[in-house]
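Protein chains: 2
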Amino acid sequence: MRVTTETKAATRQRILEAAQSLFNRQGFDAATTRDIARAAQIAAGTLFNYFPTKESIAMCLVAEAHAQAVEHFQAGPAQDASEPLSLEEELFAHVAAGLRKLKPYRKYLTAVLDTSLSPLHSDQADGEPSLRVAHLEAVSQIVARHKRDAGPSTVALHLYWTLYTGVLVFWSKDASPRQEETLALLDQSLAMFVGWLSAPTNSTEPPERRG
Amino acid sequence: MRVTTETKAATRQRILEAAQSLFNRQGFDAATTRDIARAAQIAAGTLFNYFPTKESIAMCLVAEAHAQAVEHFQAGPAQDASEPLSLEEELFAHVAAGLRKLKPYRKYLTAVLDTSLSPLHSDQADGEPSLRVAHLEAVSQIVARHKRDAGPSTVALHLYWTLYTGVLVFWSKDASPRQEETLALLDQSLAMFVGWLSAPTNSTEPPERRG
DNA sequence: CGTAGAATATGAGCGTGCTCATTATACAAT
DNA sequence: ATTGTATAATGAGCACGCTCATATTCTACG
Numbered sequence: 000m001r002v003t004t005e006t007k008a009a010t011r012q013r014i015l016e017a018a019q020s021l022f023n024r025q026g027f028d029a030a031t032t033r034d035i036a037r038a039a040q041i042a043a044g045t046l047f048n049y050f051p052t053k054e055s056i057a058m059c060l061v062a063e064a065h066a067q068a069v070e071h072f073q074a075g076p077a078q079d080a081s082e083p084l085s086l087e088e089e090l091f092a093h094v095a096a097g098l099r100k101l102k103p104y105r106k107y108l109t110a111v112l113d114t115s116l117s118p119l120h121s122d123q124a125d126g127e128p129s130l131r132v133a134h135l136e137a138v139s140q141i142v143a144r145h146k147r148d149a150g151p152s153t154v155a156l157h158l159y160w161t162l163y164t165g166v167l168v169f170w171s172k173d174a175s176p177r178q179e180e181t182l183a184l185l186d187q188s189l190a191m192f193v194g195w196l197s198a199p200t201n202s203t204e205p206p207e208r209r210g
Numbered sequence: 000m001r002v003t004t005e006t007k008a009a010t011r012q013r014i015l016e017a018a019q020s021l022f023n024r025q026g027f028d029a030a031t032t033r034d035i036a037r038a039a040q041i042a043a044g045t046l047f048n049y050f051p052t053k054e055s056i057a058m059c060l061v062a063e064a065h066a067q068a069v070e071h072f073q074a075g076p077a078q079d080a081s082e083p084l085s086l087e088e089e090l091f092a093h094v095a096a097g098l099r100k101l102k103p104y105r106k107y108l109t110a111v112l113d114t115s116l117s118p119l120h121s122d123q124a125d126g127e128p129s130l131r132v133a134h135l136e137a138v139s140q141i142v143a144r145h146k147r148d149a150g151p152s153t154v155a156l157h158l159y160w161t162l163y164t165g166v167l168v169f170w171s172k173d174a175s176p177r178q179e180e181t182l183a184l185l186d187q188s189l190a191m192f193v194g195w196l197s198a199p200t201n202s203t204e205p206p207e208r209r210g
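For the record, the sequence lines run as chains A and B. Under numbering that gives the first Met the number 0, think of the first position of the first sequence as 0, with each following residue one higher. Under numbering that gives the first Met the number 0, think of the first position of the second sequence as 0, with each following residue one higher.
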């Protein structure tokens, strides 16, 4: 049964590549599932044996790129550099690294943002951990390292995610030459978040329930 | 030609009422445009002579409710009360009033949030001003009254809108008894926003370009 | 080999939001 | 009344994402 398994993986990869190419060329909506199936050399229905929805294909592409970004970032600099970065600087570096990796998907990111990245979309139990969970975990670690306490509270993470998706939405339509307006917005968003975090009551989740 | 004009207005109203009823009973997705047309006693295609898309029907319902909220709020108290409210308190009162008016639409608000309320969706030139523009205008006035300067900057309004839609998304799924968790989140969001606004550089838009 | 059984591929078909050529209606001019 | 014209209503039909009964292929065992 090894042959078929390898075949399945190859087919899955062909679907992802076909989808990426078509999404980039014509956008998410204009690229039909029949188009993608034809480009991947499978029947229209077969596509849904590999992905439950059209949107899940895009989500998979984005999640893969994001996983790469996290990997690169954690192995990258700023870990024990000569002059340590501030919390705000480190968060900025983290998000900016993610944006660089997501750049090929920028144009059709909104298709995924609208639903899968919503803070209330259940993080599907199957498959790899969701992009949101992975991203928030990385942020939690960064904050905890700077605040020397338990991680940020649930509401803090919710506010962070709201601001982050706001940046992504803006980025997906940013027409400035090198998306510098997005970086400016990110700067302001993080300043807002870190400033609020430093307020006396909101810094961290209590390690254990009081009482 | 008066008769037909009145008929058209009546038909439009029947569509809105039918849609509201069906959206509430079965949700936005489950209520088909054919259902709505049948309930409004028109043919399936006729519905699209009155509204360009299914979503625009929901948007219209929400915008109407919001307009009522603004009207009630501006005629309400807190204008020149004995003890003046702080900026944060006034913004809280404004948003809370909006939530009260939007309560009947809470369950299917996400259908509208996903697209029409996005900060990058072009505010359609035809018809009434968009919900977003109307809301941000009210916020601008409140901020300007407190800051004694020009209104908040573009990026400030963008950040506000991001936080506001974050609250709406949370609210649409809030299962706590009286949606008190939403109010808590709103409280934190506004604290964050007002705190950032008070930072030296971000307070207001410069009245004129420097130089 | 042959064949049973599991895994996978297939494409006709469903219901959807939406379009558009056609039909029906309302009103003005004669 | 009759005709002409603008306007609105109609529903068959389109393309879409997605489903599912059927067909096909692969593997294991006698």
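Rather than coming from a laboratory, the hints here were simulated on the basis of the structure. Heads up, a few of these hints could be off.
You can't tell identical chains apart in this list, so a pair holds if it fits in one copy or across any two.
[Unchecked claim] Cut-off 27 Å, straight-line C-alpha distance, at most; resulting in silico cross-link-like pairs (DSSO-like, lysine-lysine):
id: 1; residue 1: K7; residue 2: K146
id: 2; residue 1: K106; residue 2: K53
id: 3; residue 1: K172; residue 2: K7
id: 4; residue 1: K53; residue 2: K146
id: 5; residue 1: K102; residue 2: K146
id: 6; residue 1: K172; residue 2: K100
id: 7; residue 1: K106; residue 2: K146
id: 8; residue 1: K172; residue 2: K146
id: 9; residue 1: K53; residue 2: K172
id: 10; residue 1: K53; residue 2: K102
id: 11; residue 1: K7; residue 2: K53
message = Of all the hints numbered above, which does this structure not satisfy? Sort the numbers upward.
response = 1, 3, 4, 5, 7, 8
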